[in-house]
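There are 2 protein chains.
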Amino acid sequence: MIARAMILFAHGARAPGWAAPFERLRTLTQARLPDVDVSLAFLELMSPRLPERVDQLAAEGVVEVALVPVFLGQGGHVLRDLPVMVDELKAKYPQIAFTVATAVGEAPDVLNAMADYCVGAMPSNP
Amino acid sequence: MIARAMILFAHGARAPGWAAPFERLRTLTQARLPDVDVSLAFLELMSPRLPERVDQLAAEGVVEVALVPVFLGQGGHVLRDLPVMVDELKAKYPQIAFTVATAVGEAPDVLNAMADYCVGAMPSNP
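Here the protein sequences come in this chain order: D and S. Residue numbering for the first sequence follows the numbering used here, starting at 1 and increasing by one per position. Residue numbering for the second sequence follows the numbering used here, starting at 1 and increasing by one per position.
Just chain D, with the same shape it has in the complex (with noise of 0.2 Å):
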């Protein structure tokens, strides 16, 4: 059994393909931690939304949760909806030690790795 679990908080959106670089993230993600239990959990419109996810990994036993918002600014869902959310699971679940992180966003390499792209994306660059 595999007690302790990241989530990768997403937003959720209704086009089906727009969930693809979150799974990927989530593959890449797994692959570097064997002995966590990686997933997806969505904010709305897509399944499963994070209380549903945080469910199914309690009925499993999992001590631990770290929590990943996958956002790129830290807006009202990561600043207001987000907290809200996990004081309840905490509530619901004291047996849980959760965290959360700061928005991926905000994380200075990834913002570097975000400039390497946008530089890219300058046609006839020299």
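Because the hints were derived from the structure by calculation, they are not lab data. The beta carbon of each residue, even a glycine, is placed where N, CA and C say it ideally should be. Honestly, I wouldn't trust all of these hints.
Unchecked claim - Covered, in the sense of this in silico footprint (three residues per stretch, anywhere, with C-beta under 8 Å from a C-beta of chain S), are these stretches of chain D:
#	region
1	16 to 27
2	30 to 37
3	53 to 63
4	71 to 82
5	111 to 120
Unchecked claim - Some chain S residues near chain D, calculated using beta-carbon distances under 7 Å:
#	residue
6	L28
7	R32
8	S39
9	V68
10	V100
11	V104
12	A113
Mind docking chain S on chain D? Use the hints.
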């Protein structure tokens, strides 16, 4: 006069601090494209909106605009809203060559940097 421009196109949000990483991305990109006018524009909730920003650049005589969607997934905003706006801008400004990049979140190096961040976000990871 700078005749070439890049617009980093982001969603926008109500939280004032939301745009901070996008501002840092703009600064990083601008530093590496000194001959290009690099700016931010938003879909909603923040200024300038994309058409407004293109109006400004057109008035300045810009003849090339590279649009980079700073979105993680390619959802309705990137797949539907943006092409509609770009078509209108192309019709309005036939003298400007527009290009539209794939969303930054689809770039493999960006995904790899996000995976690095996720791995580091697992507490007590040996």
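Taking the hints in turn, this is what the structure says about them:
1. 16 to 27: It holds, with 8 qualifying residues against the three required.
2. 30 to 37: That given contact holds, which follows from 3 residues of the region 30 to 37 of chain D lying within Cβ reach (below 8 Å) of chain S.
3. 53 to 63: violated (count 0)
4. 71 to 82: Since three or more residues must qualify, the claim that chain S covers the region 71 to 82 of chain D holds, with 7 doing so at under 8 Å.
5. 111 to 120: holds (count 9)
6. L28: holds, 4 Å
7. R32: holds, 5 Å
8. S39: Hint on S39(S): violated, closest Cβ of chain D at ~12 Å, above 7 Å.
9. V68: The hint holds - V68(S) has a Cβ within 7 Å of chain D, the shortest such distance being about 5 Å.
10. V100: With a closest approach of 9 Å, the V100(S) hint is violated.
11. V104: Holds, because the Cβ-Cβ distance from V104(S) to chain D comes to roughly 5 Å (cut-off 7 Å).
12. A113: holds, 4 Å
Comparing the model with each earlier hint shows violations of hints 3, 8, 10; every other hint is respected.
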